[in-house]
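Chemist: Here are the chains, one letter per residue:
Number of protein chains: 2
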Amino acid sequence: MPDSAPPHAVATLIDRIRTVVGDRGLLTDPIDTESAAEDWRRLFKGRTQAVVRPGTTEELAAVVRLCAAAGVPMVAQGGNTSMVGGAVPNEDGSELVISTARLNRVRALDPIDMTMTIEAGVTLKAAQNAALEKDCMLPLSISSEGSAQIGGVLAVNAGGNNTVRYGNARDLVLGLEVVLPDGTIWNGLRKLRKDNTGYCLRQLFVGSEGTLGIITAAVLKLVPRSREIAVAFCSVPSAAAALDLFARVQAHDAAAISAFELMSGLGTDLVLRHIPNAVLPLAEPAPFYVLVELATPRPNAGLRASLETVLEAALAEGVVVDAAIAESDAQRAAIWRLREEHSEAQKREGASVKNDVSVPVSKVPAFIDEATAACEKLIPGVRAVPFGHMGDGNIHFNLVQPIGGDPRWFLDQDHPIMDTVNEVVRKYDGSFSAEHGIGKLKPYMMPEWRGGAELDLMRRIKDAIDPRGLMNPGKVLP
Amino acid sequence: MPDSAPPHAVATLIDRIRTVVGDRGLLTDPIDTESAAEDWRRLFKGRTQAVVRPGTTEELAAVVRLCAAAGVPMVAQGGNTSMVGGAVPNEDGSELVISTARLNRVRALDPIDMTMTIEAGVTLKAAQNAALEKDCMLPLSISSEGSAQIGGVLAVNAGGNNTVRYGNARDLVLGLEVVLPDGTIWNGLRKLRKDNTGYCLRQLFVGSEGTLGIITAAVLKLVPRSREIAVAFCSVPSAAAALDLFARVQAHDAAAISAFELMSGLGTDLVLRHIPNAVLPLAEPAPFYVLVELATPRPNAGLRASLETVLEAALAEGVVVDAAIAESDAQRAAIWRLREEHSEAQKREGASVKNDVSVPVSKVPAFIDEATAACEKLIPGVRAVPFGHMGDGNIHFNLVQPIGGDPRWFLDQDHPIMDTVNEVVRKYDGSFSAEHGIGKLKPYMMPEWRGGAELDLMRRIKDAIDPRGLMNPGKVLP
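Chains A and B, in that order, are what the protein sequence lines are. Once you know that position 137 of the first sequence is 136 in numbering that gives the first Met the number 0, the rest is easy, because the numbers rise by one and skip nothing. Once you know that position 179 of the second sequence is 178 in numbering that gives the first Met the number 0, the rest is easy, because the numbers rise by one and skip nothing.
In short, the hints are calculated from the structure, not lab data. Fair warning: there could be bad hints in the mix.
Since the list gives no way to pick one copy over another, a pair counts as held whenever it fits inside one copy or between any two copies.
[Stated by the list, open to error] Below, computed lysine to any residue pairings styled on SDA-like, alpha-carbon distance capped at 25 Å:
(1) 133 / 365
(2) 426 / 273
(3) 133 / 256
(4) 220 / 428
(5) 461 / 444
(6) 220 / 169
(7) 461 / 308
(8) 426 / 443
Using the sequences and the hints given, assemble the complete structure.
Modeler: What follows is the structure, given as structure tokens:
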């Protein structure tokens with residue numbers, strides 16, 4: 000931990016920063032600083048004296064040099080959409096927020112190389128759109144994509160819906176530009192598919208949550224735009240049947256799977272009850288539902304027929320109870336909405352405790368069954384509403400409060416609930432944070448889950464790259 | 000650099016090691032130690048007093064602890080197939096070779112998770128076969144796969160023929176088990192597709208060429224086995240036309256491309272001349288040839304028709320001069336042989352200087368044209384025989400000696416030749432080592448290409464993880 004610089008030193012520092020970034024690059028109005036100091040989930044309320052918004056990488060590097068010289072810690076912030084308080088400053092106001100919002104240019108996009116070079120402040124949605132304009136696709140999709148910025152997306156190694164096909168954010172990164180803790184710019188913006196020249200630094204910064212440096216730009220891999228998409232919504236008798244269906248789709252046409260999402264009957268029921276115009280496209284409710292999406296850049300590849308073949312066999316053998324294949328873009332969107340509105344529907348139903356966990360894909364049914372039973376034993380009447388990315392083993396195992404219970408009492412049970420869920424996660428060698436990262440919320444869990452040699456290595460790396468602990472203190476490492 | 004332990008200390012150490020690994024785990028016969036101390040390209044001839052072959056990870060860790068206590072440096076070795084002398088000990092005999100050859104079990108293979116857990120000493124070929132037995136595929140293919148071992152394959156982040164579709168070795172790694180420089184075992188053998196819990200250590204060890212620790216096992220991603228494969232051999236008027244063809248195949252059916260290989264007319268001519276039974280499947284020779292392979296796990300996906308559609312249009316527009324599509328497995332193998340025998344044919348033609356370089360895919364034609372002209376200017380009569388992985392921008396830009404010239408004189412020109420080629424590589428922001436790594440051959444090039452912030456970061460990481468410099472000294476970092 001750094002020694003805090005005295006307040007007057009920070010005031011002098013801010014004056015110096017103003018000469019680098021200008022008035023436009025410096026927000027000191029409490030409206031701005033307070034908003035930047037709190038995360039959207041309202042888990043953490045910090046304080047900061049300024050939000051610095053450099054307009055270029057060089058400006059950002061100059062700001063970091065000034066902060067480093069003054070010994071003032073820095074918190075990098077993009078869209079401030081962290082699920083774990085990864086981008087909020089601490090409570091004592093000693094840290095400055097450095098926003099990447101004005102680094103928002105698409106520097107290059109080449110449809111032959113299938114790469115885009117993009118600055119940290121571009122939103123994921125804008126990046127997706129820039130790719131689509133050139134008939135390419137940035138195959139990364141998360142619910143916060145309208146405000147999440149590329150820098151944050153990479154810093155936390157975002158996952159999302161298409162990981163089953165394309166991997167996580169890190170799998171799309173070919174090159175990075177990073178401002179290091181001493182203000183040096185590392186320009187690693189290479190567009191190469193093969194480059195074995197020393198340690199793979201980019202993968203160290205991806206997922207480091209701003210604790211090793213500030214990502215200012217990246218070269219991302221693109222894929223060709225999908226030209227045929229087939230989506231089915233299926234009811235299944237159990238999570239085990241959902242896994243059986245996954246194996247069948249995989250065996251039949253694995254390369255075409257772009258999403259395989261699981262929803263519980265209860266969770267889907269909450270969506271149907273609370274979300275206007277949500278409609279179940281099947282005649283009868285069921286214990287679990289699956290959304291299967293196939294996609295390919297080749298037009299007329301026969302994906303729908305392919306999907307029908309698998310589903311017919313699964314229906315005949317009772318693995319699937321009923322299924323609807325979307326006949327139009329509108330139907331496809333309606334099916335996806337049943338999945339995407341799960342969080343919102345849970346919110347409207349009352350208090351809920353969230354667990355973003357993963358296990359090996361083959362263990363998902365056992366995990367869901369056992370974690371549900373364990374939570375129901377812990378809190379009678381609790382409602383488990385597991386949903387998420389079954390195809391990559393990442394389940395949002397959320398618990399909704401018992402009907403008529405006290406929401407505040409329920410929220411106070413968050414630690415016992417998380418511990419109960421995590422005990423089952425651990426049994427299956429899973430992860431206590433699949434795609435949301437560690438941030439400020441979960442560093443205390445690191446020693447138990449990633450302790451020993453692993454945490455020791457992480458600490459050595461942190462000390463080697465940020466010896467004074469100036470970058471996003473208190474995040475990731477306990 | 001470590002201080003060398005005195006010879007008698009090494010003798011004592013070897014005795015201690017014997018008590019851990021037994022006679023079977025310790026080779027001290029000069030026949031064994033000399034063979035392990037030289038690389039197969041015969042670039043480097045080192046010396047070692049023993050080749051240690053532990054039978055388990057625990058044994059290997061105990062050996063590392065003993066070496067660390069004695070201050071004796073260690074060189075990890077798998078199949079000893081490095082192209083850059085990455086696994087040979089130094090000349091003074093002060094380093095011990097630690098072989099992973101006996102860590103050769105497939106610990107697990109799950110066709111639902113699509114993962115295999117495999118020890119470092121399994122050959123890549125054996126790993127591929129183990130996957131195929133379960134109807135899965137390990138989509139990594141390199142010429143040395145029969146002897147290259149998984150540990151080395153990961154340590155050097157091997158690339159090969161299918162990178163255009165599946166990425167490099169690092170893209171297939173979900174988890175690792177590593178013995179650290181102090182002999183601690185880091186068990187990071189997770190099978191998770193999503194796991195955002197701190198720094199991504201596995202990607203640091205992958206590609207570190209044994210300088211940070213010894214990889215003893217890994218969890219690798221598998222993909223479903225290809226059930227339909229279509230291969231075409233095409234003649235094209237220029238490298239630019241080859242790129243045009245790549246863009247066309249990409250636009251038509253990018254997700255199906257599993258290889259896109261370029262060969263020069265001259266290089267292919269050498270294969271036809273020197274390799275028995277090699278036959279050009281086209282009527283006329285051409286300046287360049289392309290091998291296109293499409294593959295999919297879905298049977299009867301119509302890949303051949305898809306390929307024909309693209310080729311017909313390309314033929315009509317003069318982008319392709321002639322093309323043959325393989326009608327049988329035998330024809331497919333014969334076409335692949337024209338590509339795979341390039342190195343052997345060059346060897347038989349005389350002395351040659353190799354450059355394993357990459358540029359962005361879109362720059363491949365300009366790079367080939369300019370590098371060819373520059374080399375011909377440097378050495379009149381030199382024969383440029385570029386070939387390789389056009390789909391991922393990795394060209395083996397090899398130069399064969401002038402006809403009738405002195406091979407020894409030509410080999411002495413290796414540095415001027417490499418410098419000439421690299422000047423063009425640099426112009427296109429390419430890499431001087433695309434898939435072969437740095438090893439002992441190329442550390443001297445690191446300051447010029449990866450100097451400044453990047454090399455400084457690498458050194459800090461090396462010092463943090465291997466502070467005494469005991470792991471594979473003299474490799475990667477200058």
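Chemist: First find the shortest C-alpha distance between residue 133 and residue 256 inside one copy, then the shortest across copies, and answer within, between, both or neither for a cut-off of 25 Å.
Modeler: both (23 Å within a copy, 20 Å between copies)
Chemist: Within, between, both or neither: how does the pair residue 461, residue 444 come out at a Cα-Cα threshold of 25 Å?
Modeler: Answer is within; shortest intra-copy Cα gap is 18 Å, inter-copy 27 Å.
Chemist: Up to 25 Å between alpha-carbons, please classify residue 426 paired with residue 443: within, between, both or neither.
Modeler: within (20 Å within a copy, 48 Å between copies)
Chemist: First find the shortest C-alpha distance between residue 461 and residue 308 inside one copy, then the shortest across copies, and answer within, between, both or neither for a cut-off of 25 Å.
Modeler: neither (52 Å within a copy, 53 Å between copies)
Chemist: Given identical chains, is residue 426 near residue 273, meaning Cα to Cα at most 25 Å, within a copy, between copies, both, or neither?
Modeler: neither (35 Å within a copy, 59 Å between copies)
Chemist: With identical chains treated as interchangeable, where does the CA-CA distance between residue 220 and residue 428 reach 25 Å or less: within a copy, between copies, both, or neither?
Modeler: Cα proximity of residue 220 and residue 428: across copies only (16 Å, versus 30 Å in one copy).
Chemist: Could you figure out if residue 220 and residue 169 sit no more than 25 Å apart (CA to CA) within one copy, between two copies, both or neither?
Modeler: Classified as both: same-chain Cα gap 10 Å, cross-chain 15 Å, threshold 25 Å.
Chemist: Go through the copies and call it for residue 133 and residue 365: within, between, both or neither, with a Cα cutoff of 25 Å.
Modeler: Answer is between: at 23 Å across copies they meet the 25 Å cutoff, but 43 Å inside does not.
When held up to the earlier numbered hints, the structure conflicts with 2, 7 and fits the remainder.
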